[in-house]
Structure formats: structure tokens, C-alpha cells
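Novice: Could you put together the complete structure from these sequences and hints?
Here the protein sequences come in this chain order: Y and A.
The numbering of the first sequence is UniProt numbering, which starts it at 1 and goes up by one.
The numbering of the second sequence is UniProt numbering, which starts it at 1 and goes up by one.
Quick caveat, the hints were computed from the structure, so don't treat them as lab data.
These figures come from a predicted structure and were not determined experimentally.
One or more of the hints may lead you astray.
Because identical chains cannot be distinguished in the list, a pair is counted as satisfied if it fits within a single copy or across any two copies.
[Claimed, not checked] Below are the DSS-like pairs computed for lysine-lysine, each with C-alpha atoms no more than 27 Å apart in a straight line:
(1) 58 <-> 33
(2) 155 <-> 250
(3) 86 <-> 162
(4) 185 <-> 250
(5) 58 <-> 134
(6) 89 <-> 134
Number of protein chains: 2
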Amino acid sequence: MQRYFIEEALTLGTEIEVTDDIYHHMIRVMRMKEGEKCWFVDTNHELFQISVKKIKEKLVIVSIDEQVAQNVEMPINVAIACGLPKGDKLDLIVQKSTELGVNKIIPMTIVRNVVKWKQDKMVKKVSRLQKIAKEAAEQSHRLQIPEVTSVMSIKEIIALSKDYDATIVAYEEEAKVGEASAFAKTLASLSPGQSILMIFGSEGGLTPEEVEQMTQAGIIACGLGPRILRTETAPLYALAAISYHFELQK
Amino acid sequence: MQRYFIEEALTLGTEIEVTDDIYHHMIRVMRMKEGEKCWFVDTNHELFQISVKKIKEKLVIVSIDEQVAQNVEMPINVAIACGLPKGDKLDLIVQKSTELGVNKIIPMTIVRNVVKWKQDKMVKKVSRLQKIAKEAAEQSHRLQIPEVTSVMSIKEIIALSKDYDATIVAYEEEAKVGEASAFAKTLASLSPGQSILMIFGSEGGLTPEEVEQMTQAGIIACGLGPRILRTETAPLYALAAISYHFELQK
Chain Y
1 MQRYFIEEAL TLGTEIEVTD DIYHHMIRVM RMKEGEKCWF VDTNHELFQI
51 SVKKIKEKLV IVSIDEQVAQ NVEMPINVAI ACGLPKGDKL DLIVQKSTEL
101 GVNKIIPMTI VRNVVKWKQD KMVKKVSRLQ KIAKEAAEQS HRLQIPEVTS
151 VMSIKEIIAL SKDYDATIVA YEEEAKVGEA SAFAKTLASL SPGQSILMIF
201 GSEGGLTPEE VEQMTQAGII ACGLGPRILR TETAPLYALA AISYHFELQK
Chain A
1 MQRYFIEEAL TLGTEIEVTD DIYHHMIRVM RMKEGEKCWF VDTNHELFQI
51 SVKKIKEKLV IVSIDEQVAQ NVEMPINVAI ACGLPKGDKL DLIVQKSTEL
101 GVNKIIPMTI VRNVVKWKQD KMVKKVSRLQ KIAKEAAEQS HRLQIPEVTS
151 VMSIKEIIAL SKDYDATIVA YEEEAKVGEA SAFAKTLASL SPGQSILMIF
201 GSEGGLTPEE VEQMTQAGII ACGLGPRILR TETAPLYALA AISYHFELQK
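Specialist: Quick look at the structure:
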């Protein structure tokens, strides 16, 4: 059954008017008829079953019939910061990391970025990625749309890391020296309700100086196993590991 | 440094002649000169550093200079069987699962497959996927190229499962009923050197009858967390979880 993220708090047993994009998708795209049901997720991340009451010219009246308890969000709050990758890899990262439960996605400028985002294109690019996150959240039955932020510098990421219970940086060189457990140890130190920020380079990787800057600020350098993962694979690996650790192993 | 999979067993201190594709890539594409070095992985999955001795018209003589001990293969042998997905999703599954350490990839026919592979196109399709696996294995510094098999039926997969220490089928309905730990329990029951076969549906999912057929043969139905994962995301999630379990948590 189709689900939509609604920009308001819903109350069970009431009726509301739906317009614009969601009206268009429900009535024009999905061709819903009076009496048909679907899901609305409200601004409190609550899930409701609704039914179509009356279809008008540019609005549809729906009734909020049933609240459904469903916990599909990760037990810990996860943000990822990624160097700007080439091509449409950031689209894939946003789509897949949303499916895998991420809460915030931060595009990041690093020394070895080949790709630069021009200031005047920034808003458009972020809003496009935000749309991908919204669609992936609907499809994967999330109750929350991950936030895609504007591009941040490493300095800004380091400042932001103070708001998280743990911050790691994925660093291939750590994997090479045989470091295998820092990531698992970090996850083991976290409890449900806490938060983690994870930082990833893009194609060229992070420079030793960038990693040094981060570790001096208390960020933990971690390898993600012995194989070389591509730019877009590393965050997905880390998110799957977090889900496995907190959702399947418990 | 570039690496190549060589179709023979190499001996330290010897010289060999290289022709055809690898000759072409080394000399024409990478423009390697005499004295320059790269990596060869041989048919025993051993890694050697080699150097170019002499470049001739259609062959290059290289010397096998150094053997390098490197363990980048998963501690357990992992095969995945996937229903035929739409579009180029199987390309993505082959590429990413190779990076993530898979040993065998089996395209599988299921009732709800929208996509059908015609018998006369089969060889070409498999050889194309095998090429993607080889390139991903080189890029991710694997010592083994995963095998891509011909399409199998569920009956054939069930017969094959007898060769594996554990076989699971990822089944969304299991996730819905709150099953959260069968996958983690299965991994906990395996030791390094053992093997696992993991079965995934495609877009329409497996039918209850198909899953029934498998569980009656002793295959374990598992959820992969509370969120709905797309066809191409589920195998990547499971492989990342296996790597985390066996390579990072130990």
C-alpha cells in the first residue's frame, strides 16, 4: 500500500484536506477512489492508515482511521559525511543509505575531491538529493526522511562531531596495518538512543593530514575489513553493520 | 599498482611470457616499460610482485620477483542466489558483492520474475557478468574471482544447498512477524572455513510456496532488519553483515 509523508501532525478520528503534490500522486497517478486506503506518516514520525472520503477539483478529503505502531527506525541515530564523489554516486549513496536507516547525510569538501559544487548550484543539488531520500524513505517504509544538509568543510564536521556520542572516520590505511576491531569496539560502546557520525572520503581518499586533523579532535580512524571498498560501498557497509549489530544480534 | 589475474600457477624466481588481453592491457593501455612492476594473482590465489623484463611484438616477458602474503578473502565461503532483477541491477549486485567478498553468484529463476533469460542469450549474459566480477575483484584487491554460474531453478538451488554448512533465504514476511535473530544465530553457528548459501528474491519477492519448499528442505527463513530493502540492497546488507561478524568483531 502506498505511503506518503505529510507535513503536519495527524490526529486519529479527524478528517484533513490534502492538496498539491500528494493530492496529485494519490488521485492522478495512483487513481485512488473514494473508500480506498493508504498510509500517511506525520511530522511526529507516526504511521496512520487513512481512507479517501471525498475527491474534489484540487483537493481530497481523507479520514485518519487507524494508528499503527511500527518501529522501523534504527535504535541509534546515524549521520554520514561523504566526500563529493564523481558522477551520480551520491544519488546511490543517498538512496541506499536511506533504505539502510541513516538519519542525516552530509556532503563534505575534502582536499582530493575532483568534483566541486558551485555555490549557486548548491541549493538545487541538495534539494534533488533530498527528493531521492524522500522517495527511498517511502519505498523502504521509513517513518523518517533523512536530512540532506548543505556541503560542509572538515572543520565544520569536526565541530558537529561534538554533538555525537561517537565519531569514526573510515580510513583504508588503518585496514592495511591490520586494524580490524576499532569499528566493532565503537559500536559495542554505544547503547540504543545514542548517536554516531561516520566520515568517508571520496575516490582519491582522505589525505593523511585530514585524518590527523580528525583523530586529534578525538575521532576514531577505523578500517572496514581487508578488501578495498569503493567510495559508494563503504557507507553502505557501515550502515549494514550497524543494523546487524543493533537490530539482528540483540 | 595494477593487478592481473593470471591463468596459471606461478613460481617465485621464474620468468613467464604474457600474451593476449593482459599483454594488451599492460603494454598498450598502461604503457608499462621494462623494469616497471605490478601485481599478478595466480590460479592458487597467491599474490606476486612482478617486473617487466622484455617487451616484444605480441608478448611481454616478466619475472616473478616476490610473493606477498595477504589475506583479503572472507573467512567463510559465501554463495548468493538471486532472482533475476529488472534492468542492470544484477550488474550492481555482481560488482558490489564481489567487493564485499562473495565467492559464487547464482542467477535464479523464480515464479514472480518479470525478467526471463532466453536460453540462447544465457552464455553471453553470464560471461558479461563474469567480466564485471573479474574487474571488481581486481579493483577491490581480491585474490579470487567470484564464479558467476548459469541460471538455476529453485530445485537446483535446494540440491546445491546440501554442499553448504548453512543455507538461508531472506524473506520479508519473516521480518514483519518480528523475526530478528535467525540470521545472526546462523552466523554465530558457523566457524571460519565453513560455508553459507544465501537466497534472495527479486522485485516481486518469493511466493509463500517457494519459501515453504525451501524451509521444508531445511533452509532457514530470515528477516534482514525492519526496513524494506530493495532487491539489490538485500545481498549487499547480508554480505556486509558477514564481513562485520567474521572480520571485524573477532
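Novice: Hint by hint, work out which the structure violates, then give me just those numbers in ascending order.
Specialist: Hints 2, 3 not satisfied by this model.
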